[in-house]
Each structure stands twice: as C-alpha cells, then as structure tokens.
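Top line first, the protein sequences correspond to chains D and W. Sequential numbering from 419 applies to the first sequence in my numbering. Sequential numbering from 230 applies to the second sequence in my numbering.
Derived from the structure by calculation, the hints contain no laboratory data. Do not take every clue at face value.
In silico lysine-lysine, DSS-like type, Cα no more than 25 Å apart, as pairs [what the hints assert, rightly or not]:
| hint | chain 1 | residue 1 | chain 2 | residue 2 |
| --- | --- | --- | --- | --- |
| 1 | D | Lys766 | D | Lys696 |
| 2 | D | Lys539 | D | Lys766 |
| 3 | D | Lys808 | W | Lys349 |
| 4 | D | Lys477 | W | Lys327 |
| 5 | W | Lys349 | D | Lys481 |
| 6 | D | Lys481 | W | Lys357 |
Keep in mind it's a predicted model, so treat the numbers as computed, not measured.
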Amino acid sequence: MGIPSAPLVTKAFKDLAILNAAKRGMPHERICFTPHPVWGKTPEEVRAYVEGPDPVSGKPLMKEIVDALTAPLSDDEKKSGMVSVSVGPPTFTDTADNLQEFYLNNGYTDFLPIIIPTEEKVDAMMKGTSHKPDEAVGKMAAGAYPAWSYNVRQVAASAVMAGCRPEYFPIVLAVASSGIASLFSSTNSFAFAMVVNGPIRDKLEFNYGIGALGPFAQPNATIGRAWTILSKNLGNGGIAGDTYLGSLGNNLNYNNVVIAEHEDASPWVPFHVQRGFKKEENVVSLFRGLGVVPGQVARGSSANENVQFDYQMSDLFSTFTGFFGALIIADPLVAARLKEQGYDTKEKLVDWLYKNTTQTVKDYKSRNYAYLFDYPRALRGDEPWASWYKMPDDALIPHFPHASDINIVVAGGQTNAYPQAGNLSYGVSVSIDKWM
Amino acid sequence: MNRRKLLSLMGMSPVALAGIPALAEQAKKSDQTKKEGAASAGEPKLTVLNPRGLPPPITLIPMAPRLSTLDGKTVYLVSDGFPGADAFLNQVSIWFKKNMPNVTTVYRLKAGGFADDDPKLNAEIKEKGQAVIMAIGH
C-alpha cells in the first residue's frame, strides 16, 4: 500500500511473525509484541498491556508502535533485490549412525527411526514410477507461507525414510503432487486423512478389514507416514513456532488417517466414483480437519434393539466445528443397516444428515470458529454466512454450510457395527495411475 | 530465539546477508556445526540424499516511508479477526485519545479469511489514512 504499518503480535507468535515477514521480503519489519494471550482479559488487564512494555524488547509498547510508524528507515529497511535461501548440499556422507542422528537433529524426520535414504535406496524407490528423477512434482506450503517446490527424487527420499516399498511410490507421488501438507501451521492442531480407492488396494495389500485404521499393514502405515515426512522436507512444515503452531499437537500426524475403502463390502458406490473417476481407476483423496471420534459416544449407540445410525451420526456432528466438514467412516455392518433403513445411496444419507443436523443462529454465533472465520466471510458477502448473520437468533440453520461438506466411506472388519466420524473436510482426489 | 538466529535457520545465504554481520556470523556457525557433525572415523560411510525441497528466493520489499509525526494523522486500527484483537485495539484507541489527542483512530475488522487480502479496506486506508496498526490477536 505504501503506507507505514506497525504489526502488533502476541508474544507466543514471535518466531512465526519474524520468519514469515522475512520470507515475504521484510526481514527487518518493525513488529511490536504484546503479552500472550490477549483474549479473555478484562479491559483493565488489556489497558495494562497497552500501557506496559513490549515483552520482547522491554520498551514501552506504545512508544515502540509510534516509533515503528515514525522513525526514519535504515538502509537495510530500504533494501530491495533477491535473497537466496539454502537448504544445504544435495548429498551428505557419514556413518549410518551419524546420519540417523543428523536427520533427526535437523528436523527431517518424525522423530522415529528412519530408513536412511542412500542413493541406492532412492534409486530403487524411483523404479516404482516411470517419471524421471528431475521431473517437477508440485509445490507445497504448510500454511500461509511461500510454497517450496520439489521433484521426483526429493519425494523418493522421503518415501524411503518412511519405510515405503517402491510399489507404493505412485501413491506417495500423487499425495505430494496435491501440494497439501499434512502438517499445518494453525494453532488448532489439524489432522489429515487420505482415502485410497481402486484395485491398487488389493495389489499392495492395504488393510481395509479388521483394524482398518490401525497399525496392521505396511502400505497403510508407511504411506501415511511418508505424507508427514515429506510435508516436513518438501513443504517446510512442522517447525514448531515457525511453520507449526498447534497448541496441543495431534497424535494422528504421525502417519495420518489412512483409509482404504472396503469397496466390495460397501452397499454404495466407492468414494472415487462419487468424484467422477471410474471404479477401475486408482485414486487417493485427501482430507483436512481436526480428528476422528468413535461412534460409541453418540446418544442411542448403546445396546439398542433398533439402532439408528443416522441419528448417531447427526449426534456426533453436534460437537464438530462447522468450519470443517464430516467424514463418516462406516463399518460395512453399519452401511448395510443404513441401506436397510432406506439409504440406498450415500447421497440420500448425506441429504438427511444435512437437513436434520441443525442449530440455532444464537448457538452458532456463540461458537469460536463462527466469529473467527465465518463472520469475516459474512462481511465480505460470502454465502451462506452472510445470510446466517442476518437471521434472528432462534432461526434454525444447518450445522454445516453445505451438504457437500458431509462425506461417507466404508471400511472395517464387520466384527461389530460401529461407525467413526472425522471432523474432516474433503480437499482433492488425485489419480495414482498418473504417477505409475 | 532472537531474530538473527531465526533468520539464519531459514538458510539465508551468508553472501546475501553480508550487509547484516550478525546474520552472517550465525550462518558461519551453522556451517561449522555441519562440518563437525560429518567428521567421524572408523565406520563405513554412506552417501545419502538431502530430502529437502527447494525454497523460493526471497524478493526484498523496501518498507514504506515513515511519517515524520503522527500529529494530525489518521491511523487505522485493523483487526484480522482473531479473538482479543478488537478489545486490544480499543485500548490502543483510548491511549491515543489520552496521550496523542491530535491523532485520529479508525477501527476496522478485516473482511475475509485471516490470511486473505481485503482490497476494499486497503483502498479505504490508502484514501483516508496515513498509517496502520494491525493487530493479530489470540
């Protein structure tokens, strides 16, 4: 804009603010800091913060703000031009033990032991695809940062580190090509999920039966892990205080929620077919949100002669933030029961859930995410939020902005009729075949 | 962690940071650490790949010229919508009224997602304001 500005940031985000300003071209931006947090404080407490010192510099905060807007610029602050950023040499040479430590100490891993990506192992991994080592795969950022770019060889290094076999590599490439990092900067501690569809599930022996979401098969375990490791290495994600700010973190980030859909046991069309792919195509679909909860917590889910899974799912949604959607993971027994109830397509169930999971406008406005994310969108005129904010407090509105925010997949071993549900939004579906 | 160390961890090259001695010093230390870590004898050595992607170069943006004084100027107090920013900026406004009464403050909540630009507000500030204090609450 060409107008002097003074960014005011709470102390907890000091590293983030300084680094992000630098990455965007202003390494000397005059950032002023307040104590943290500032929300939930009385006016007197906030006034004391304003009249007190910047907790980083120790100088009076308001003097610092005024100076940030009025003190003449230094030569460094007037600089233009390009600055290169180095990530080190293309290879490292050392003993196996030292390299294991080296990768760990430099933040290249998930802090579990890795397979060291020797040139031989990386070459072997690249035999899993017909694509050339130097071919560009995509760009990735773990938040509102400038994106990093990467090629097939660099993706292969992370796939090796995660323990993937070469035949898994096309799926890892498909995930990497999406540009979606499985580690995200938000303080909310996001979780990520992938749904794998197509014949590749059987070819690679994915587990979609008993323990479908657990540590019971190599492709489920390692491909999910590869997503996190490549998000660190290719998207610069997961640096605490810089590109990762989740207050509690999320245990699902270790290998993410990997779901191979149990297509044969499902009464409905597979997820990738819903997205316009053919049944025989191999596709990975990616989701982002907050996590997964078990269906047993829902009202009416105990021993009940007339279990109504639709109501259970609707009940689960009431604790979900509407900022993200819902991903229902239905055991085949649950799916079969729902079909008997008349839901012979996923769309019918989604329609019922969308229309019957409601809230009052008053309750909606009281939710943190509504004020934080939706109200600014309403100000911009985005729907349905603009209309919701004009409605009376007692009006009923859907829990999710759109029916398409609700998705369903089928997986599980049919040892009992339990669903799980993720507060997860669909992102994108990517062809795996393209990366064969 | 101070600003110098943070920026050196970003991998900004020592050459590019030549005008910023403290940053160049940090980058030099980082190089030394790498060399020391690589010095190990007795066991077979392996050559492995650096798994990192390629960060984009940084285009330095000259900061906007500063004002000689805030007296008689209009300062926009802009909240990005995170909780607490509005209350904080309200106290900033009160401080200006009490301590620098010749400064006019205008509060605005930025529209759109927290990382989205708000072109309408930017145009308003450019037309009517001379400075911005942007608060990022929490």
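Hints, verified against the model:
1. Using a Cα cut-off of 25 Å, the hinted pair Lys766/D and Lys696/D holds, with the two alpha carbons roughly 21 Å apart.
2. For a cut-off of 25 Å, the pair hint linking Lys539/D to Lys766/D is broken: about 48 Å separates their Cα positions.
3. A hinted pair counts as satisfied when its Cα atoms are at most 25 Å apart, and Lys808/D with Lys349/W qualifies at roughly 21 Å.
4. Distance check on the hinted pair: Lys477/D and Lys327/W sit about 20 Å apart at the alpha-carbon level, within 25 Å; holds.
5. A C-alpha spacing of about 30 Å is found between Lys349/W and Lys481/D, which places the hinted pair above 25 Å, so the restraint is violated.
6. Among the hinted pairs, Lys481/D with Lys357/W is consistent with the structure: their alpha-carbon atoms are about 24 Å apart, no more than 25 Å.
Taken one by one, the earlier hints fail for this structure at numbers 2, 5, listed in ascending order.
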